[in-house]
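Student: As a plain string of letters, each chain reads:
Number of protein chains: 4
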Amino acid sequence: MPMARVHRIATTGPDDVSGLKALIAAGGVDPKGIVAILGKTEGNGCVNDFTCAFAVSELKRLMSDHLPAQEAAKIAYVMSGGTEGALSPHILVFERDDTDGPGPALAIGGAITPDIAPQDIGTQAQIETVAAGVRTAMQAAGISDPAHVHFVQIKCPLLTADRIAAAEAQGHATATRDTLKSMGLSRGASALGVALALGEIDPAGIANAKIGTDTALWSSRASTSAGVELMGHEIVVMGMSDHWAGDLIIDHAVMQDGIDTDPVRAALHRLGIDTAGQVPADQRQNIVALLAKADPGSTGQTRGLRHTMLDDSDLSATRHARAFTGGALAALTGRTDLFISGGAEHQGPDGGGPVAIIAKRQGAAA
Amino acid sequence: MPMARVHRIATTGPDDVSGLKALIAAGGVDPKGIVAILGKTEGNGCVNDFTCAFAVSELKRLMSDHLPAQEAAKIAYVMSGGTEGALSPHILVFERDDTDGPGPALAIGGAITPDIAPQDIGTQAQIETVAAGVRTAMQAAGISDPAHVHFVQIKCPLLTADRIAAAEAQGHATATRDTLKSMGLSRGASALGVALALGEIDPAGIANAKIGTDTALWSSRASTSAGVELMGHEIVVMGMSDHWAGDLIIDHAVMQDGIDTDPVRAALHRLGIDTAGQVPADQRQNIVALLAKADPGSTGQTRGLRHTMLDDSDLSATRHARAFTGGALAALTGRTDLFISGGAEHQGPDGGGPVAIIAKRQGAAA
Amino acid sequence: MPMARVHRIATTGPDDVSGLKALIAAGGVDPKGIVAILGKTEGNGCVNDFTCAFAVSELKRLMSDHLPAQEAAKIAYVMSGGTEGALSPHILVFERDDTDGPGPALAIGGAITPDIAPQDIGTQAQIETVAAGVRTAMQAAGISDPAHVHFVQIKCPLLTADRIAAAEAQGHATATRDTLKSMGLSRGASALGVALALGEIDPAGIANAKIGTDTALWSSRASTSAGVELMGHEIVVMGMSDHWAGDLIIDHAVMQDGIDTDPVRAALHRLGIDTAGQVPADQRQNIVALLAKADPGSTGQTRGLRHTMLDDSDLSATRHARAFTGGALAALTGRTDLFISGGAEHQGPDGGGPVAIIAKRQGAAA
Amino acid sequence: MPMARVHRIATTGPDDVSGLKALIAAGGVDPKGIVAILGKTEGNGCVNDFTCAFAVSELKRLMSDHLPAQEAAKIAYVMSGGTEGALSPHILVFERDDTDGPGPALAIGGAITPDIAPQDIGTQAQIETVAAGVRTAMQAAGISDPAHVHFVQIKCPLLTADRIAAAEAQGHATATRDTLKSMGLSRGASALGVALALGEIDPAGIANAKIGTDTALWSSRASTSAGVELMGHEIVVMGMSDHWAGDLIIDHAVMQDGIDTDPVRAALHRLGIDTAGQVPADQRQNIVALLAKADPGSTGQTRGLRHTMLDDSDLSATRHARAFTGGALAALTGRTDLFISGGAEHQGPDGGGPVAIIAKRQGAAA
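Chains as they are written, first to last, in the working numbering: chain A, 338 to 703; chain B, 338 to 703; chain C, 338 to 703; chain D, 338 to 703.
Source of the hints: derived by calculation from the structure; they are not laboratory data. The model shown is predicted, which means the values in this text are computed figures rather than measured ones. Hints should not be assumed to be uniformly reliable.
Which copy is meant is left open, so a pair is good if it fits within one copy or across any two.
To be verified - Each computed SDA-like pair below joins lysine to any residue, with the alpha-carbon atoms no more than 20 Å apart:
#1 K369 <-> P405
#2 K547 <-> E505
#3 K547 <-> G508
#4 K518 <-> T550
#5 K547 <-> A362
#6 K518 <-> A462
#7 K411 <-> G440
#8 K518 <-> A546
#9 K358 <-> S394
Chain A with its partners taken away, still in its complex shape (with noise of 0.2 Å):
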């Protein structure tokens, strides 16, 4: 049966493949099984972060010295810019190996989207893109209920002025002209794409107005993160499978808003890790990845107390909000190395997210 490994290492800058490199060469994880690599970079998240792209630009360069380029084209690679505060940069890859039974177990399954026009970006058409690639995703990881997907990470495209440029001289007008504003569009889009697949909204209910406006459409296991770095979207289902074995396991919560840590508390124990205050010292290394969304919501108040984050011309709210949930969340674990993203257009509620964690079974060996 398949049995899906997970491998944090820890970075010393966007372009240190040095870690995965020593693994391989160690035999510490097979370049063919592995299906995706997340990662956290220590950019900005926005517009101007080139982080991402030097990423996975040295990281599709060790694997193709492993893979035939064939083989290592069907890598997702999803990095996420930010890591505010002292979250600490670094990579998950995400392998598939095979194993005894039984299940069930985490599963994992990959797909790529084809590019899209920058006039699609933040539109009905990639909301179906996403949708179509989610599908795809979860038959690649096994799983046919979408109440057994736990999370959806995506890495989707945003619009630059040169992109803007390009779709104007071909009489195409993109759905905004502001790139900081194309991030939040094409994450929404893509976490509408996600709600889609899953079922959790009405295809009815969708049209291009209620992008990034209607607050009440949302995913609750939809992760998604704009890059510079492409044009198409990079997909990873993660969920639960009979036909998965393996010692790692997978749950998700959903927080209310950037702190609202007592659904995560609750994920945690449903998967054996004891929270009474923070996680222990000696139950830190079975959380083996923490997914979350931060978001500052649109109405600039939390719990009815103004913050100042949408006001903040100096640095982007997307960053505010990664520092402070992430601070949340880190001192729930006791871990920084988690990869928090920004931007929850549509996933979670207004100003809240989706939180999912791979952890160890209770009882595997560490």
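Starting from the known structure of chain A, fit chains B, C and D onto it as the hints suggest.
Tutor: Relative to the frame of chain A, chains B, C and D by itself:
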């Protein structure tokens, strides 16, 4: 017997004094009893943060409408810039009132030191000026035993290009010519002044060269904040005193790093607040004020993992740290109107910091 | 006959009114004659720039010490945030005095419009409010022919999260929910108000949808600046009038892009200033004030070459543009105390902007 | 005789090598002759600017497709981050070709120094390493008289938190523990290395304590830029040599402050370019490259007027200065694809900096 009252008032901007004005008008606070006004404003908390000065200017104007100049001048105004993440701008008005006993209860006392010269910022001269001020403020609070002091909040000066030039024009060298760095040196020297006054460090162990560098020297109860709007120090001492009465009590904790919330959890517990998980909604009002320091530390790591706060030239490390530890403490308490101040040089261990909590006494009317 | 005097006073911070105070004390300016105070402060010039409000608060306090409330309220305070690069913070005090003829000479007139509602910001309602205000200010300046108007400086309001929420609570939609974007819409609508009043655009050609988008609509003499500190408009008209006398004259130019300094050079030449190379040291004092707009434009290019201002999520494009065009104009004039304001929506052609120069008349005593 | 050719190629992002690739494919440049590639990328030019390393990585990969490893390794890659304002990202490819005489003409030569240890950054050891490298590069350029050297461009290393920790782990103290400050010390020491090699300073007058502090020590032709991507130095010397031929010539100027463009105007004039006003459109192509340093200086003033670059904690002074002086030089030349690099410690007088211009010889075919 004297009784401390603490009014927490949300603000809509640095110059918003309407809440305090209304409270005075409604008889909720007596201007004559105001000892200190602490506040979090939404500036960057760095050299060019004029929001603190703006707040102080407007608050002073308001108080001068209600008090003779001589009395108004005795109030300490300790504004701290930076409400990153979902932290919420607010002021804390510390009032001295009277009530029947018995004690002990929260006691407060303020002091304002003379201005120091630019070349004294970040030196032993500043340490001694502050230590004298802390002793004066302890007397004002009626606390003689340093063990009963739980927090000392100080607003201290910083260097600007103009002040450096002025010192140099007179033949004096300043401790640094880097204005941002001067904030750290001033905060550090002020914290060592607290440590000296509270007997936390050996007077013989102090030297100019250790200010800002010797992380083994620290106070467990100092919180210092640098601002462009003053050249002296505004000092507020808070502690427990048998000679004070009322419903408010105070305790403190020391975080070892930016996510070390368990000591704070323990302090909340000692104050009678339920901390299984996030503080529940019905108990959050019992947390009258939380005052804490956040700091990136000097090692570039948290619990052995690299962070990027010290290498980020777009965003000062103090803003990073405030957002991150702000998230940690907001998730613990369920509140975002916390007084979290950046730059914890010599305030708690390297990368950590002191936290004080003022709470309603168990069983006191809400 | 009325005579305009312009006092340029360097400031040491946003709240520094000591220079003006000293000038009043020395009899150098008569508070009763002050029509307007323009100023460049060192904030970011964006949503959370409180330096303008701080400056206005302190200036108003100073003026209220010298004038009855009713007269003090007639002064227009037009602070503009952002002194990037080596631009130097300063204020320009416009005074109306008397002298013998003959004219023509610099004429000035101010007006303050009523507050507008948040939902009117960036709409035709704002355009009309401003146009009416400009006509009032022209009357105050004694200028009837729009061709004699050389500059109209306006401080206009912006949206904050709070103001948006207030409008929405009453069932109104604001022109945008993006606070930074609201500054551009407000500046643009205000500029179109100037264009309307000066006959530069066809009233029939105005529509809400064109505000901020139709770059073919612009005023050659509008300079508008948005600030958080007001909800109305402070308007100052400057021009040449036969009915005014004195040593000061004014002319203007339009830059086609951020480095198009030759039209400004020509204007300086018309004003009698030597411009073979940088304005020589002995003639720089004849430039009493230079007021200009800087803007990144909407195309992402200057003269066919890509720039990165619109894709920079760390630094707002307005700050980039102010620094860059500030350098261009400072190198031309040899002065850094220029009033360069960012955000030139509908002020000059896309990417360019108007420039006005007030100079001492050739042969006037220095 | 050797002939220098300089190809200026616009880029669409830090990793865009498509222009150079196309030029090679079209036979426009011979990879074997490439001596150095200089480039301006759109990062922040500070500690966490990964755009330079990204550009170098992609350029090296491209060159390794065309050259044996040994030859590819000899090329100097000198990327400089920061295209503030309307400055335009581009690369400058310096090629050594052959032609018939006569000379003199532009001569170029490169050298790469060995890596230095973190603790040597900002010390005399670095000065000497660089001086030796400059001498090697002069030999490579066939220039023996330092008077014929017009520019020395150097990419030098900086300290990161990791590098500081590594040095300290071995018992070494680094020159500073402030990573941003380390960039200035490295640039300064490298510039003094140039000054030493060119005989501009007295070897006896050098001391560690003067690096970064003694503004009287400077080179009129050094331009140094620090980057995270190397621990050695990449050096390119440019000058005039009788032994070189071709259509390109070079001259230089020294700006006394950030707007001191008249010396540059004079240099352009010496090179045969019309500078009555902005360089006219038909002559702009004759400016093949302009390389300059921009710096805020240490005094906080320009021509006696306060600026705010050194007090701005939101935006580093180097970014301010690059934008501002970039505007000054772009307005002079009419071009925005200028190589303007920040941080001019010991490069020109305090607050000013050297400028080199490579031009087509008067009468040469365009």
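Student: Against each hint, give a clear statement of whether it holds in the structure.
Tutor: Evaluation of the provided hints:
1. K369 <-> P405: within (9 Å within a copy, 30 Å between copies)
2. K547 <-> E505: between (23 Å within a copy, 17 Å between copies)
3. K547 <-> G508: Intra 24 Å, inter 18 Å, cutoff 20 Å: inter-copy only.
4. K518 <-> T550: both (12 Å within a copy, 16 Å between copies)
5. K547 <-> A362: neither (49 Å within a copy, 46 Å between copies)
6. K518 <-> A462: Only inside one copy: K518 and A462 sit 18 Å apart there, 26 Å across copies, limit 20 Å.
7. K411 <-> G440: Close neither inside one copy (26 Å) nor across copies (56 Å); limit 20 Å.
8. K518 <-> A546: Close inside one copy (15 Å) and across copies (19 Å); limit 20 Å.
9. K358 <-> S394: For K358 and S394, both the intra-copy (14 Å) and inter-copy (18 Å) Cα distances are at most 20 Å.
The structure fails hints 5, 7 (numbered hints given earlier, in ascending order).
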